[in-house]
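J.: Take these sequences, add in the hints, and give me the full structure.
Number 184 in the numbering used here belongs to position 184 of the sequence shown; there are no gaps in the numbering.
If you're looking for bench data, these hints aren't it; they were derived computationally from the structure.
Worth double-checking, as some hints may not be accurate.
Claimed, not checked - Pairs of lysine to aspartate or glutamate, EDC-like flavour, derived with a Cα cap of 20 Å: (1) K98 <-> D127; (2) K168 <-> E191; (3) K224 <-> E193; (4) K116 <-> D157; (5) K221 <-> D127; (6) K137 <-> E180; (7) K125 <-> D80; (8) K116 <-> D104; (9) K224 <-> D157; (10) K225 <-> E191; (11) K45 <-> D80; (12) K98 <-> D39; (13) K198 <-> E230; (14) K98 <-> E42; (15) K141 <-> D103; (16) K116 <-> D127; (17) K137 <-> D163; (18) K224 <-> D127; (19) K116 <-> E48; (20) K168 <-> E181; (21) K25 <-> E42; (22) K225 <-> D104; (23) K198 <-> D157; (24) K198 <-> D103; (25) K224 <-> D80.
As the list claims (entries may be wrong) - Each pair of labels, with its calculated beta carbon distance range: (26) G70 <-> P197: 15 to 25 Å; (27) F59 <-> P136: 31 to 41 Å; (28) H135 <-> I158: 41 to 51 Å; (29) L139 <-> Q63: 34 to 44 Å.
Note that CB positions come from ideal geometry on N, CA and C, so glycine has one too.
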Amino acid sequence: MQGSLVRLTLVIRDILFPPCCAACKIRPFAHSTDRLCHDCLESLKFIESPVCTLCGQPFHGPQGSDHICGQCIKNPPSFDTARSVFRYHGAARSLIHKIKYNDDGYALRVLSFLVKDFMLFDDLKPDMVIPVPLHPKRLRKRGFNQSLRLARALFTDIHLGIDILSRKLNTKPQTELSMEERPGNVRNAFEIERPLPKGARRILLVDDVYTTGATVRACAKTLKKAGAREVHVFTVARTIMVNPDLL
Numbered sequence: 001m002q003g004s005l006v007r008l009t010l011v012i013r014d015i016l017f018p019p020c021c022a023a024c025k026i027r028p029f030a031h032s033t034d035r036l037c038h039d040c041l042e043s044l045k046f047i048e049s050p051v052c053t054l055c056g057q058p059f060h061g062p063q064g065s066d067h068i069c070g071q072c073i074k075n076p077p078s079f080d081t082a083r084s085v086f087r088y089h090g091a092a093r094s095l096i097h098k099i100k101y102n103d104d105g106y107a108l109r110v111l112s113f114l115v116k117d118f119m120l121f122d123d124l125k126p127d128m129v130i131p132v133p134l135h136p137k138r139l140r141k142r143g144f145n146q147s148l149r150l151a152r153a154l155f156t157d158i159h160l161g162i163d164i165l166s167r168k169l170n171t172k173p174q175t176e177l178s179m180e181e182r183p184g185n186v187r188n189a190f191e192i193e194r195p196l197p198k199g200a201r202r203i204l205l206v207d208d209v210y211t212t213g214a215t216v217r218a219c220a221k222t223l224k225k226a227g228a229r230e231v232h233v234f235t236v237a238r239t240i241m242v243n244p245d246l247l
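T.: Here's what the structure looks like:
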């Protein structure tokens with residue numbers, strides 16, 4: 001009885017206050033727990049096998065034919081694995097932008113709902129989740145760290161380390177640089193603020209978007225120098241690189 005009353009209340013709410021799409025903001029549209037319109041929901045592209053077993057770059061090929069990509073063979077990453085849920089495109093890109101630049105809590109709730117049950121690592125049991133940090137100047141300007149908000153929303157049952165990894169260099173935003181300039185921009189940009197807790201040896205590093213991997217590589221290198229045995233990377237979305245060396 002109580003469940004039926006709750007559902008009726010939601011239906012009445014959506015009739016009186018038609019929900020808008022969290023990505024494109026059109027309204028009204030039919031009641032949906034996804035809170036995305038049909039077009040935006042259709043624009044979400046999950047990253048599926050086959051992928052690189054290290055960096056998670058998707059390939060063309062039969063499902064299940066995962067292997068290490070050419071780039072990771074030539075330049076092995078400092079992290080152990082990296083996985084992303086969506087291609088950085090369509091509604092995924094819009095939701096991330098709304099969270100990152102507009103502090104949009106509605107977009108954060110919807111994005112969290114969409115990815116929360118996604119099993120990125122079947123057997124991984126991290127000891128701690130650490131978000132990629134912002135430099136204090138950028139944090140004061142923006143007012144929040146979007147990676148921290150994503151980590152809090154998505155990994156509620158894992159210990160969160162928010163004052164362990166810090167960004168000591170106020171580097172240029174990676175989005176303003178070419179792919180070739182990005183690794184040098186974040187080299188030596190991170191440091192350990194305080195030691196890893198005893199037993200925190202398997203770390204899940206969280207960021208919003210994986211593009212070249214330069215930022216998470218730099219973070220993983222710093223964490224491993226501090227004693228982390230494994231560093232695995234989770235990002236909500238990934239820019240798909242078109243590069244024959246990756247295949």
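J.: Mind checking the alpha carbons of K137 and D163 for me, to see if they're no more than 20 Å apart?
T.: holds (16 Å)
J.: Mind checking the alpha carbons of K98 and D39 for me, to see if they're no more than 20 Å apart?
T.: holds (18 Å)
J.: Please work out if K224 and D157 have their alpha carbons no farther apart than 20 Å.
T.: Roughly 23 Å separates the two Cα atoms, so the pair is violated.
J.: K224 and D80 were given as a pair; does the straight-line alpha-carbon distance stay at or below 20 Å?
T.: The given pair, whose Cα atoms are some 11 Å apart, holds under the 20 Å limit.
J.: Would you check the hint for K116 and D157, treating anything up to 20 Å between C-alpha atoms as holding?
T.: holds (12 Å)
J.: Does K198 pair with D157 here, judged by a C-alpha cut-off of 20 Å?
T.: Status holds; Cα separation ~18 Å.
J.: Are the Cα positions of K224 and D127 separated by 20 Å at most?
T.: It holds: about 14 Å lies between the C-alpha atoms, which stays within 20 Å.
J.: Mind checking the alpha carbons of K198 and D103 for me, to see if they're no more than 20 Å apart?
T.: violated (34 Å)
J.: Okay, H135 versus I158 on CB: inside 41 to 51 Å?
T.: Given a distance of about 25 Å, which is not inside 41 to 51 Å, the answer is violated.
J.: Given the hint that K225 pairs with D104, does the C-alpha gap stay at or below 20 Å?
T.: violated (35 Å)
J.: Could you grab the alpha-carbon distance between K98 and D127 and see if it respects the 20 Å cut-off?
T.: With a Cα-Cα distance of about 30 Å, the restraint between K98 and D127 is violated, given a limit of 20 Å.
J.: Within 20 Å, alpha carbon to alpha carbon, are K221 and D127?
T.: holds (18 Å)
Checked against the numbered hints above, the structure violates hints 1, 6, 9, 11, 22, 24, 26 and 28; every other hint is satisfied.
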